[in-house]
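Novice: Sequence:
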Amino acid sequence: SGLSNAHEATIMLAAKAVSSGNTDTCKKRQKNSERFDEYVSTFKVWEQKFFSGKSQPLKELKSDVDSRRLDILRGCFEGARNEKV
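Positions in the sequence shown are counted from 1; adding 93 to them yields this note's numbering.
In short, the hints are calculated from the structure, not lab data. Every residue, glycine too, gets a C-beta built ideally from N, C-alpha and C. One or more of the hints may lead you astray.
What the hints assert, rightly or not - In silico PhoX-like cross-links for lysine-lysine, where the CA-CA straight-line distance does not exceed 25 Å:
id: 1; residue 1: Lys109; residue 2: Lys120
id: 2; residue 1: Lys120; residue 2: Lys177
id: 3; residue 1: Lys124; residue 2: Lys109
id: 4; residue 1: Lys124; residue 2: Lys137
Unchecked claim - The calculated label-pair distances, taken between Cβ atoms and stated as ranges, are:
id: 5; residue 1: Asp159; residue 2: Lys109; range: 40 to 46 Å
id: 6; residue 1: Phe144; residue 2: Ser113; range: 34 to 40 Å
id: 7; residue 1: Lys124; residue 2: Asp164; range: 29 to 35 Å
id: 8; residue 1: Phe143; residue 2: Ala102; range: 29 to 35 Å
id: 9; residue 1: Met105; residue 2: Arg162; range: 36 to 42 Å
id: 10; residue 1: Ala110; residue 2: Lys137; range: 20 to 26 Å
id: 11; residue 1: Arg161; residue 2: Gln123; range: 36 to 42 Å
id: 12; residue 1: Lys109; residue 2: Lys142; range: 15 to 21 Å
id: 13; residue 1: Ser160; residue 2: Lys109; range: 40 to 46 Å
id: 14; residue 1: Ile165; residue 2: His100; range: 23 to 29 Å
id: 15; residue 1: Gln141; residue 2: Asn175; range: 27 to 33 Å
id: 16; residue 1: Asp159; residue 2: Leu106; range: 36 to 42 Å
id: 17; residue 1: Cys119; residue 2: Phe170; range: 30 to 36 Å
All chains should be modelled from the sequences, with the hints used to inform the complete structure.
Specialist: What follows is the structure, encoded as structure tokens:
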């Protein structure tokens, strides 16, 4: 399927965690899972917007502070793609 064994195991464990426990616990886990999925989706949009090569935010930087923040953001995206992180 293209997914690593570790990734498949993570998905299975997450699904099991969401479905375990009483009704209130399950609802809370589902809400948190949906919130996390929203964050991931937003994160992907930001990555495409700022680092896709189509947009040129790097040319609009006006200070070293802006440049540093962009480096930190780029590091977040790199870390998000690293399974070990």
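Novice: Should the hint that Ile165 and His100 are 23 to 29 Å apart at their CB atoms be regarded as holding?
Specialist: holds, 26 Å
Novice: Falls inside 40 to 46 Å, the C-beta gap from Asp159 to Lys109?
Specialist: holds, 43 Å
Novice: Is the straight-line distance between the alpha-carbon of Lys124 and that of Lys137 25 Å or less?
Specialist: Roughly 20 Å separates the two Cα atoms, so the pair holds.
Novice: Does the Cβ pair Lys109, Lys142 satisfy 15 to 21 Å?
Specialist: With a Cβ separation near 35 Å, Lys109 and Lys142 fall outside 15 to 21 Å, so the hint is violated.
Novice: Are the Cα positions of Lys109 and Lys120 separated by 25 Å at most?
Specialist: It holds: about 13 Å lies between the C-alpha atoms, which stays within 25 Å.
Novice: Has the hinted range 36 to 42 Å been met by the Cβ atoms of Asp159 and Leu106?
Specialist: holds, 40 Å
Novice: Is it true that Met105 and Arg162 lie within 36 to 42 Å of each other by Cβ?
Specialist: holds, 37 Å
Novice: Looking only at beta-carbon atoms, does the pair Lys124, Asp164 fall within the given range of 29 to 35 Å?
Specialist: holds, 33 Å
Novice: Taking 25 Å as the top limit, are the C-alpha atoms of Lys120 and Lys177 close enough?
Specialist: violated, 29 Å
Novice: For the hint 30 to 36 Å, verify it against the beta carbon of Cys119 and that of Phe170.
Specialist: Check passed, 32 Å falls within 30 to 36 Å.
Novice: Does 27 to 33 Å hold as the CB distance between Gln141 and Asn175, or does it fail?
Specialist: violated, 18 Å
Novice: Return holds or violated for the Cβ distance of Arg161 and Gln123 against the range 36 to 42 Å.
Specialist: At 38 Å between Cβs, range holds.
Checked against the numbered hints above, the structure breaks hints 2, 12, 15 and satisfies the rest.
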